[in-house]
Amino acid sequence: MKKRVLITLFTTLIILLFTGKSFAQLMGTDSSSQQPAFNNAISLFNASLGEQAPLYNGPEYYFYDHTIKGNAYFMDINTFTAGAVFYDGQSFNNVQMLYDLYSDDVAALLYNHFQKIYLLKPKVKNFDFLGHHFVNINTDTINNKSDIKSGYYDELYNGKEQVLVKRTKSIQTTSSLVGLEKYFSPAIDYYIRKGKVYYSFSSQGQLLDILKDRKKEIQQYIKANKIKFRDDREQAMVKIVSYYDHITN
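The sequence shown lines up with residues -24 to -1, 1 to 225 when you count with mature numbering (1 follows the signal peptide of the UniProt record, and there is no 0).
Don't read these hints as lab results, they were simulated from the structure. Incorrect hints may have been included.
Computed beta-carbon distance windows for the label pairs [said to hold, decoys possible]:
1. D116 with M51: 27 to 37 angstroms
2. K191 with H42: 45 to 55 angstroms
3. G127 with K204: 24 to 34 angstroms
4. I44 with H108: 47 to 57 angstroms
5. P35 with N134: 24 to 34 angstroms
6. M51 with S179: 39 to 49 angstroms
7. S151 with K121: 36 to 46 angstroms
8. D189 with N134: 16 to 26 angstroms
With a cut-off of at most 27 angstroms between alpha-carbon atoms, the simulated BS3-like pairs for lysine-lysine come out as follows [as the list claims (entries may be wrong)]:
9. K142 with K158
10. K188 with K101
11. K202 with K158
12. K170 with K121
13. K45 with K136
14. K215 with K142
15. K101 with K172
16. K204 with K136
We put the beta carbon where it would ideally sit given N, CA and C, even for glycine.
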């Protein structure tokens, strides 16, 4: 019922927007006479969205060309799935969303299950999606010696130190029997915040170099607990940095 009402209101809004102005122009009357009805339709439309209305103020989102192999989305999930977002100072749950790794944007589905919109990145503080917690990093607010760039990051650990993963996808081109083909290619970068500076790393050795003030103790901990970086690097990072936090407290 709610969906049907929303579609009706949305249709009314569009009709008022176009036919109202056209009629006023045709009759040579002041289009401002149509404004009260138009404003009322907008109010009803926003009310139908309920508490999540503040989310739906971004531009429309479009899917990619279907000829590109693979997809642009986190965990290759290309259907809208429920998540939670802290947006413009408010928490919103059960938001149908996608995380686009190519453009580094979050898209949300309107209640009409038809229109898709971008969530405005400056208003997103963090979001939870598919069991992961993402934070929005703004380099204007951090130490300028940091290696990190602005964008959404998968937060693996947040203590005295912080471990982040940047998950991205790019569009690559390859030759095939039918000619040139485009496909989405994933990439992953790792970061640790130590003090107020973010450092990038890609191996256990590089991580230990960043934590060099307790390198010997960490190496003993890794050996004693049989931590294998190559088997599950993200879990290994969390254990190593968590231990570093513990011994430096």
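Taking the hints in turn, this is what the structure says about them:
D116 and M51 have their C-beta atoms about 29 angstroms apart, which keeps the hinted 27 to 37 angstroms range intact. Between K191 and H42, the C-beta spacing of about 50 angstroms keeps the proposed range 45 to 55 angstroms intact. Take G127 and K204: their Cβ atoms lie about 30 angstroms apart, and the range 24 to 34 angstroms holds. The beta-carbon spacing between I44 and H108, approximately 24 angstroms, falls outside the hinted interval of 47 to 57 angstroms.
Hint check: P35 to N134, Cβ distance near 31 angstroms, so the stated range 24 to 34 angstroms holds. In this structure, M51 and S179 break the distance hint of 39 to 49 angstroms, their C-beta atoms being roughly 24 angstroms apart. About 42 angstroms separates the C-beta atoms of S151 and K121, a value consistent with the hinted range of 36 to 46 angstroms. The supplied range of 16 to 26 angstroms is met by D189 and N134, whose beta-carbon atoms lie about 20 angstroms from each other.
Annotation: proposed proximity of K142 to K158 holds, straight-line Cα distance about 23 angstroms (limit 27 angstroms). Using a Cα cut-off of 27 angstroms, the hinted pair K188 and K101 is violated, with the two alpha carbons roughly 32 angstroms apart. A hinted pair counts as satisfied when its Cα atoms are at most 27 angstroms apart, and K202 with K158 does not qualify at roughly 41 angstroms. A hinted pair counts as satisfied when its Cα atoms are at most 27 angstroms apart, and K170 with K121 qualifies at roughly 12 angstroms.
In summary, the hint linking K45 to K136 is not supported, as the alpha carbons are separated by about 41 angstroms, beyond the 27 angstroms threshold. Simply put, K215 and K142 have alpha-carbon atoms about 19 angstroms apart, close enough for the 27 angstroms limit, and the pair holds. Proximity of K101 to K172 is assessed by CA-CA distance (about 19 angstroms); at most 27 angstroms being required, the pair is judged to hold. Using a Cα cut-off of 27 angstroms, the hinted pair K204 and K136 holds, with the two alpha carbons roughly 23 angstroms apart.
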